[in-house]
Each structure stands twice: as structure tokens, then as C-alpha cells.
Amino acid sequence: MMKYSGFPVLVLGLALLFSVQPAFSQASEEYQTLKKEVDGLKKDIQDIKKLVETKLAAGPKPASAPPRAEVKDAIINIKGAPIKGDKNAKLVFIEFSDYQ
Amino acid sequence: MDFPLEMHRKAFKAAVAGLCAGDQGKFWQMNEKLFDNTTYSGTYLDPENLIKYAEELKLDMTVFKACLEGEKHDAEIRQRIEEGTKAGVSGTPGFILGFIQADGTVKEVKRQLGATDLYSQYEYLINQAFASKH
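Residue numbers (this note's numbering), protein chains in the order written: chain A, 1 to 100; chain B, 1 to 134.
Read the hints as simulated data drawn from the structure, not as lab findings.
Be aware that a few hints might be false.
To be verified - Distance ranges between label pairs, derived from CB positions: (1) A:Ala58 - B:Arg78: 44 to 52 Å; (2) B:Gly70 - A:Lys90: 31 to 39 Å; (3) A:Ala89 - B:Lys58: 25 to 33 Å; (4) A:Lys72 - B:Asp74: 27 to 35 Å.
To be verified - From the structure, some residues in chain B lie toward chain A, with a derived Cβ separation under 7 Å: (5) Phe3; (6) Gly25; (7) Leu45; (8) Thr92; (9) Thr105; (10) Lys107.
Note that CB positions come from ideal geometry on N, CA and C, so glycine has one too.
Modelling step: build the complete structure from the supplied sequences, incorporating the hints.
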């Protein structure tokens with residue numbers, strides 16, 4: 001009895017092996033196809049990146065705000081403005097403010 | 001000095017309200033109310049609230065309302081905006097330290113643009129102004 005007990009197991013194992021092999025082979029093909037597609041997409045991205053860089057380098061630079069003229073020693077008319085402190089003070093601290 | 005920015009659409013009328021209160025001797029009291037925005041309520045500068053603050057200050061409401069609805073102070077405010085712009089002010093708050101000249105105008109000696117509430121910075125500016133004078 002012991003002599004033949006492994007036979008059905010061996011048959012079952014072989015059957016399984018032959019049935020799984022085509023699925024394995026199919027998965028491998030799908031993997032290769034996906035890999036090719038991913039590689040293609042990577043190349044496309046690289047091409048687009050190069051194109052954008054080229055366009056940016058060739059195109060006009062983004063406009064920057066014109067430099068503001070430096071104001072020095074401004075003379076400010078404060079006539080009629082509400083003031084606090086000594087009306088005869090020589091030094092004045094002017095605050096420009098708005099309510100918001 | 002009033003420098004209502006265009007982007008603050010209620011600022012000009014609020015500046016008018018301040019000056020109208022000033023006509024009745026209560027500019028600074030109104031100024032305090034107009035700046036009392038600790039709640040950041042979106043309505044605290046609405047016309048009905050400007051009226052409310054004037055009532056709280058016990059102003060002559062007939063005179064105040066006529067002033068607020070009229071154009072009495074518009075030119076004055078625009079003149080101050082022009083003075084600030086001429087001096088390089090573009091935002092608020094903007095601070096300029098200067099000496100009063102014989103004709104009543106102020107000659108700038110130091111400028112500080114942007115918000116700051118550090119006493120030491122003001123002290124530094126004042127000391128610099130005096131140092132430049134002597």
C-alpha cells in the first residue's frame with residue numbers, strides 16, 4: 001500500500017503545473033507590454049520637458065514690476081491734518097493710515 | 001494722515017466720518033472707534049455703523065449726516081493721498097519722520113513703511129532724525 005500512495009499526489013502535481021504554466025506565461029507577457037508602455041510614457045515626459053525648457057529659454061522673460069523711483073527728502077504738506085502733541089514741535093511723526 | 005486705499009472700499013467714507021467728527025471737535029474719539037476692529041467684523045465700517053458711532057459720541061447728527069453724505073472733506077482726503085504718494089507711500093501704515101519747516105510743511109528725514117509696533121524702532125528713527133539734524 002505504501003508503495004503506491006505517492007502516485008496520485010504526483011499526478012495531481014503535474015496536472016497543476018501544466019495548468020498554471022500558460023497563466024504564468026500570459027502574466028509575463030502583460031508585464032512586458034506594461035513595461036514598454038511605461039518606458040514610452042517616460043520618454044514622452046522627457047520630450048515634453050525638453051520642449052517646455054526650450055520654449056521658456058527662447059520666449060520673452062516674464063514682466064517684472066518697474067522699479068519705483070526712490071523718493072528722498074520729500075516735502076509733505078500736513079496743513080489741516082489732525083495732530084496730537086505739541087503744536088510747536090519741531091519734529092513730526094506722520095502716520096499714513098486707512099480704516100479697513 | 002488719511003490714506004484710504006482703493007482696495008479697502010469702505011475706507012474713504014470712514015475717513016470722511018473721522019473728519020466730520022473732527023468738525024465737531026471729536027476726530028480722535030471717532031478715530032478710536034473706527035480703528036476698534038478687534039472683532040474684524042465685516043460690517044463695522046458700514047454707513048449705519050458710522051452713524052451709530054457719531055451718536056455714541058453725541059455729535060450733532062443733522063450736521064454730521066450732512067457732512068458724511070456730502071463732499072466737504074473729499075478733496076482734503078485726496079490731497080493727503082497725493083502727499084503720501086508723492087512721498088513714496090504706497091500702503092498703510094506708512095510712517096514718515098521729519099522736521100517742520102518755516103512754511104509749515106514737513107521735510108522728511110526718515111521713512112518707515114509697513115506695520116511695526118516696536119517702540120525701539122520709533123526711538124531709533126527719532127534719534128536718527130536728530131542726529132541728521134545736528
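Holds or violated: the hint that B:Thr92 contacts chain A, with Cβ atoms closer than 7 Å.
5 Å, holds
Given B:Thr105 as an interface hint, is the shortest Cβ-Cβ distance to chain A below 7 Å?
5 Å, holds
Outcome for the supplied range 31 to 39 Å, where the beta carbon pair is B:Gly70 and A:Lys90:
Holds, since B:Gly70 and A:Lys90 (Cβ atoms, about 36 Å apart) stay within the stated range.
Could you say whether the range 25 to 33 Å given as a hint is met by the Cβ separation of A:Ala89 and B:Lys58?
31 Å, holds
Let's test the interface hint: is any C-beta of chain A closer than 7 Å to that of B:Gly25?
Because about 11 Å separates B:Gly25 from the closest Cβ in chain A, which is outside the 7 Å limit, the hint is violated.
Go ahead and decide if the range 27 to 35 Å is satisfied by the Cβ distance of A:Lys72 to B:Asp74.
At roughly 30 Å between Cβ atoms, B:Asp74 and A:Lys72 fall inside 27 to 35 Å, so the hint holds.
Restraint outcome when B:Leu45 is required to lie within 7 Å of chain A by C-beta distance:
6 Å, holds
B:Lys107 as chain A interface residue, shortest Cβ-Cβ below 7 Å
Since chain A brings a Cβ to about 6 Å from B:Lys107, closer than 7 Å, the hint holds.
Against chain A, run the beta carbon of B:Phe3 and see if the smallest gap drops under 7 Å.
4 Å, holds
Could you check the hint for me, namely that A:Ala58 and B:Arg78 are 44 to 52 Å apart, CB to CB?
46 Å, holds
In this structure, only the earlier hint numbered 6 is contradicted, and the remaining ones agree with it.
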